[in-house]
Amino acid sequence: MNLFIQRHRRRSGSGAMPGTITVQPHAQAPCYHMMSFGPQATKGSIENIAFDAIENLPSLPEQHEFMWVNVTGLGDAEALRAVGKHFNLHPLVLEDIANTAQRPKVEEYDNYLFVVLRVPVLQPLTEEDAGEEVLTTRQLALCIGQNFVLTFQEEEEAALAPVRQRLLQQKGKLYQRGPDYLAYALLDAVIDTFFPLLERYVERIEEFEAQVMEIDAHGGIKTIHGLKRELLILRRIIWPQRDMVSQLLRSESAFINESTHLYLRDCYDHSAQLLDMVETCRETTTSLVDILLASQSNKMNEVMKVLTIIATIFIPLSWIAGVYGMNFDPEQSPWNMPELAWEYGYFTALLLMFVIAGGLLWWFWRKGWIGSRE
Amino acid sequence: MNLFIQRHRRRSGSGAMPGTITVQPHAQAPCYHMMSFGPQATKGSIENIAFDAIENLPSLPEQHEFMWVNVTGLGDAEALRAVGKHFNLHPLVLEDIANTAQRPKVEEYDNYLFVVLRVPVLQPLTEEDAGEEVLTTRQLALCIGQNFVLTFQEEEEAALAPVRQRLLQQKGKLYQRGPDYLAYALLDAVIDTFFPLLERYVERIEEFEAQVMEIDAHGGIKTIHGLKRELLILRRIIWPQRDMVSQLLRSESAFINESTHLYLRDCYDHSAQLLDMVETCRETTTSLVDILLASQSNKMNEVMKVLTIIATIFIPLSWIAGVYGMNFDPEQSPWNMPELAWEYGYFTALLLMFVIAGGLLWWFWRKGWIGSRE
Amino acid sequence: MNLFIQRHRRRSGSGAMPGTITVQPHAQAPCYHMMSFGPQATKGSIENIAFDAIENLPSLPEQHEFMWVNVTGLGDAEALRAVGKHFNLHPLVLEDIANTAQRPKVEEYDNYLFVVLRVPVLQPLTEEDAGEEVLTTRQLALCIGQNFVLTFQEEEEAALAPVRQRLLQQKGKLYQRGPDYLAYALLDAVIDTFFPLLERYVERIEEFEAQVMEIDAHGGIKTIHGLKRELLILRRIIWPQRDMVSQLLRSESAFINESTHLYLRDCYDHSAQLLDMVETCRETTTSLVDILLASQSNKMNEVMKVLTIIATIFIPLSWIAGVYGMNFDPEQSPWNMPELAWEYGYFTALLLMFVIAGGLLWWFWRKGWIGSRE
Amino acid sequence: MNLFIQRHRRRSGSGAMPGTITVQPHAQAPCYHMMSFGPQATKGSIENIAFDAIENLPSLPEQHEFMWVNVTGLGDAEALRAVGKHFNLHPLVLEDIANTAQRPKVEEYDNYLFVVLRVPVLQPLTEEDAGEEVLTTRQLALCIGQNFVLTFQEEEEAALAPVRQRLLQQKGKLYQRGPDYLAYALLDAVIDTFFPLLERYVERIEEFEAQVMEIDAHGGIKTIHGLKRELLILRRIIWPQRDMVSQLLRSESAFINESTHLYLRDCYDHSAQLLDMVETCRETTTSLVDILLASQSNKMNEVMKVLTIIATIFIPLSWIAGVYGMNFDPEQSPWNMPELAWEYGYFTALLLMFVIAGGLLWWFWRKGWIGSRE
Amino acid sequence: MNLFIQRHRRRSGSGAMPGTITVQPHAQAPCYHMMSFGPQATKGSIENIAFDAIENLPSLPEQHEFMWVNVTGLGDAEALRAVGKHFNLHPLVLEDIANTAQRPKVEEYDNYLFVVLRVPVLQPLTEEDAGEEVLTTRQLALCIGQNFVLTFQEEEEAALAPVRQRLLQQKGKLYQRGPDYLAYALLDAVIDTFFPLLERYVERIEEFEAQVMEIDAHGGIKTIHGLKRELLILRRIIWPQRDMVSQLLRSESAFINESTHLYLRDCYDHSAQLLDMVETCRETTTSLVDILLASQSNKMNEVMKVLTIIATIFIPLSWIAGVYGMNFDPEQSPWNMPELAWEYGYFTALLLMFVIAGGLLWWFWRKGWIGSRE
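As given, the protein sequences belong to chains W, D, H, R and Z, one line each in that order. Under numbering that gives the first Met the number 0, the letters of the first sequence match residues 0 to 373, in that order. Under numbering that gives the first Met the number 0, the letters of the second sequence match residues 0 to 373, in that order. Under numbering that gives the first Met the number 0, the letters of the third sequence match residues 0 to 373, in that order. Under numbering that gives the first Met the number 0, the letters of the fourth sequence match residues 0 to 373, in that order. Under numbering that gives the first Met the number 0, the letters of the fifth sequence match residues 0 to 373, in that order.
Quick caveat, the hints were computed from the structure, so don't treat them as lab data. Virtual Cβ for every residue (Gly too), placed ideally from N, Cα, C. Be aware that one or more of the hints could be misleading.
Straight-line distance between alpha carbons at most 35 Å, and here's what the computed DSBU-like set of lysine-lysine pairs gives [stated by the list, open to error]:
#1 Lys-298/R with Lys-304/Z
#2 Lys-170/W with Lys-104/H
#3 Lys-221/W with Lys-298/H
#4 Lys-84/R with Lys-172/Z
#5 Lys-298/Z with Lys-366/H
#6 Lys-298/D with Lys-298/W
#7 Lys-366/R with Lys-304/H
#8 Lys-304/D with Lys-298/R
#9 Lys-298/Z with Lys-366/R
#10 Lys-366/R with Lys-366/Z
#11 Lys-298/H with Lys-366/Z
#12 Lys-366/H with Lys-104/W
#13 Lys-221/R with Lys-304/H
#14 Lys-84/R with Lys-298/H
#15 Lys-366/H with Lys-304/Z
#16 Lys-366/Z with Lys-298/D
#17 Lys-84/R with Lys-221/W
#18 Lys-304/D with Lys-298/H
Take a look, some chain D residues computed to stay more than 12 Å from chain W by CB distance [unchecked claim]:
#19 Ala-52
#20 Ile-53
#21 Pro-90
#22 Phe-113
#23 Val-133
#24 Thr-135
#25 Pro-161
#26 Ala-188
#27 Trp-238
#28 Ala-253
#29 Asp-328
#30 Thr-347
#31 Val-354
#32 Phe-363
According to the in silico footprint, chain Z covers these stretches of chain R (three or more CB under 8 Å from chain Z) [claimed, not checked]:
#33 214–222
#34 226–238
#35 307–313
#36 318–324
#37 331–343
Using the sequences and the hints, build the whole thing.
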């Protein structure tokens, strides 16, 4: 379920024209928001204006140089085409925006940078399985132009809300800086959502580690397989995300000011930390499989040993009982089982049995097969 | 069966002259098609003209600058040589076209680019095994010149049909652009055929994952081995295909216009996505082997445990029965098995047995060997 | 517990403004020290002056050109901001100083170099577990300016004490050289703390190796898992630490004099040695798992073999006893168990049993299943 | 047996002077051949002239510009030195020619290129083991000068015969081109000998794959180990051979004409194909080990299961028989085993046994332990 | 024992001044030798002059331009400092010379090149274990100046003796060439000592391979673990040694003449060959573990099978004996065990037993569990 980004995403048919916009099933209808800002923006002048079609995009307020236009919901190909036309986007960019199975990447175009991010989401598996959650990712596309930032979200991402708040409330200098800094802030917010997620994985691994002795091996392997798969998904996103930030850093695009580079370097550091965490998690889970299998094998060995010891002790005893159950006829010959007629024959036989049982127990104990757990 | 591209392909004999054209066994006789196009091409002027030999290649219609010549069936060395002569192809290129075991690659020559692609095909294994299919690949060779595109197919590939349709019906701008864009369209169409194929593998893996608990380990290992092999084949094609696109992107060949680079970058992205999917599939199958083996071991352990428990319980009981089956003679001595003459001796013995059996069962249950599944 | 650097560190909330200083829980209140030095410093003129706030930073004594300002305890955001303002540090730098979960790195700013190191610490696991220790790391941040070195420690690191002593006692030329050389001395001191630590791991591995035959497999796997995890932590620190030194070496920063490069090369060598040791430890532990599992399997096999041999020998004997315990009536027919009436029937039966037991023992011995340990 | 190239090769003693020629044991006495060719060579003028010492090297026929001098048999240090002197070869080159354990490589000298190739040979293991063959490699050294090609063979290689034929019979343009093209032809011929060899390995692996279910695990592991070893040998040759061709391609040596580059690129492609095949073979054999072990484990499990089931069924039956074999005296008490005196007591007991046996069989069948193969 | 180079080496204390000379425990007292040579050196003029302190270093004989000063024994820090002062060596170089745990490396200083090599040594493990040897390495440090070569040995290395002989006896041109060529000769001599060593490992592996079927798995794993560890040590030396030679080759140091480059390339080839051998050994040992474990598992299976078969055959027989040992009273009912009174009842019972035993044997044989070894 959801092993790959691409699953259950509809692609343009094979051999389709490049730039064909293929709307995903269940994609939402678009809704639009616009915020304007700029170095001369006065206090309280920032607003979050919703509008219903790109033709009705409000014009920039005076003294506001830059705008952030956000489109949430990619379910209307026509609307996307209109946005593309308005901002002069390349058809391939529009195709990538609509087909929400892209890997994180950055592409330079003449009048904007196109950036694809992936936002991790924990979704409840089904309505019934209230407790269980499954890891998926959603796509967030950005176009960074000279005086605008365009964002395309599949659904309203909670991760972007704090950035919007900072802009609205004019905290910090975000509202006075350019589109590149806004893009950085969005990128940083997305990367930050990975940390609590990964910490949950770390916790799950550490819990697992603490219990590994008690865990049923088979169920444990399934749990680890699940963990590995989700870590694999994360790695497949975080790795190109890091490369993408590094490419942004090294690019000499006109859309990224020199002063923003420091901040991108910070993003790169965070991405590298994330990758580190994912890799550490992966190596640890791999090592846990060894423990789990050794533990399973150990338990089985213990079972076999106890049971076999019991069997082994009783087998010679049964043999002795069998011997004295033979019907050789003492009347025919004095040599035929004279023990049967001894006064203490029965006790002798029982004694013999206990001696043998005791001897075997002592021998097993000396060999370390019983008593000590090993 | 078809583990490698090269199997069952006939190569030129060792030490043969370079450029020797070695026709593959079962290769088809060639048939030729030509389509012309160009920036000035008027509506409805595009035609798909079949012809029977390269000498009869129709001339370009007026206002059509470019032509796409397609050769399907590589079974005639003489005909290939004629095509090579007509388009001034290097003997090594002709050798590579005829020996359909090449890896994806691009080579620059003075007056054309030579590109080799591989098209994945699922073929029925044999006539009887109607259901089962086996993955093979066929070679598609392209020569991209200043004003022509030459394609050489082993068999008519379904993947190219949509491109031909787009050209014929003059959809999009394909018919107005140059040979490089046509080559891109063909390349894109070939890469797109990998997606549904890989999605079938993803589905097979997810099905397998869902059933892994019920699967017979031995059969499961064979299934995974099969999957791994086919994924290995795909990886061995997709990897050099991606490198080839990357080389095209970086090359400064005169045969690739600047404007086509954007589209090739898109191809590169798709190739990278494919590689990602293949690698994820491979890692997941590897992890499945662990589950499978743990599951097999678990089942065996369960069998052994149940059986051994039964044996262990009855062994002490049999010993008691054996003891009271001994023939010590109570008449010779009052100490010889007086229990035999007790009024409730038999019941005492049976009770003893049930107590022992019950005690063992209780002990096993407390140790967790019975009752809970673990 | 402490699997990752980042665990239990508080990060700025997701979407927080860059440069937000987030104080770690349990972080200490800051205390400040200053030492001044320089090429003209006279004997005995170096002092270690404590002060209580950055505003009270003592001025440089005459003839002293450089100062080393140390802040221990990062528990006061306001104080950190004051230090940042005084030395003109970038907000991102302050954020990284306070959030003590950074990987080792070097960043160039206009008027200083920012270096993050990690110091390994063995902490007692809990108050009770007096003997056991757990590996953690603490962060040490350096800012190297034209005429100052700033250090930020979470707690007073013992590793830095010798450097302070060398400076105070004016041993060597440390007190006459610049901030870059002091930074090198601190870096070298930190790297040197890894050697005894790694040697402890080497000793633990060698001890383990010597005992591997006697060790309980399950406990052994846990020990190795623990070792691997701590080595993984070390590797995740030493690897970027080496890269950081290499970056310092290759940087052409104005803050690192040419003459210090030789010394940094020495640091790089030591880091490479450390990495070598860690990798060798890791490969050796991996190989130890094989021995451990083979040893476990061997022990189990030995148990099973001994026990099964005993069972196997007695089973035919019990059968013979059973045969002669049958109640066929010799009185009804002379063919019914005439052996029972033989004079030496009983001895014959016992003899038969001993012959069979002896024969089996001889056969097992010849097959090498008993006698030799294999 | 022949695990490494270097085994059983005699090297110059440790600390020997560089350039010391150390003749291999069993090396043959040299014999010399010369062929001349060139752009002006007329039809039928090419001859293959044998001669007995380098002093008697025939002079070039008129209009022949280039010569190919071949030395087969490297058993005479003096003769090698003479050749070296005649062609002005560096002592290190002569040492490498005589010590036939070199890896494939290319080295540029002032007046020639020195190239080492390795030719794979399948040799019968011993005289008796007529069927079995073992893979070894022999060294082929080339010196490519401005107007000569020198080849040094350990034994006459069959792989070179077709090239000699093409030259003699003046097929193609080989006889009109320069030494670089001749060297390419020889290189190509050597690389071509790897293809049938690798195809044999592919066949062996596919045969093995088809039979893997029936194969004895232990023998199978040995077979795979053998395959892996030989594939390892091949990889250790093919890898540097590919690098060597790539180095030739990138070198700007005056001894390689621009026009030959196309042909070398073809060689490079072939080498890459070979490496691909070797790697695929290696990955497939690795995956086969898994199947083999799972198959072995499966067979053993089946054995254990059948046997244990039989034992488990009879154990309770034997207990019942034991119970009714007890000697409690019915005469002493009516409660002592009254069943013994029942009219149908015996049949009841037998019936009870069959019911228990049947019940157990049914239970085992329902649990899937008998009946189905799993 | 000796798992790492650094073990049991004393390092300067943590935080010590750079350039602190820390003498190793058990290091010998130094003794000095000097040899002079040069292009104008006449026959017989080379001498090996011992002296007792660097102050007494003999002056160069006339017409001798270069000198080789050798210091054996690094146990005297004062003496090392004196040598350092005389040849103007950097304190860090002296520290590295004394701390004999360096990895192979090359460092360029203004007036010399500093090279560290490691010489492999097989030392008897202890006095008692006469036969067993353990692999260690010793450090050899070289300083190559304009007109001198300085060597520092821990103990007199046998590997250098042939070079000394060649110089003394004026064999070859060694005595006429410069310090760089002498350094090459020493480097070559050290690299050559690895070959016989590695060939011993190859022999041990091949011996092991030949016996792998007979070897006790547990001991075998320990042997392989030992081999792997020693190969790991070799790899950790040979790898940086190769890189060091490559760095020498690529460096444009004034201390290495152009003409010596050819010889260094030869050294590089040898190092690459060594690495190849080590890697092949490592891969082969890894593959041997698989065989060993499969072999162990196979043997155990065989034991279990034989034993279980015996048990399984006798269990039904014992049951039959038990049945006819039941005491149902034939006198009470004609249906109670009438077989007991049959004339051939006993023989029938015995026959039944043999038929069952035979049937089981036949069934086991048909299933392939007995008879064939598998």
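Worksheet item: Which of the listed hints are broken here?
Response: The structure conflicts with hints 12, 14, 17, 25, 26, 29, 32, although it agrees with all the remaining ones.
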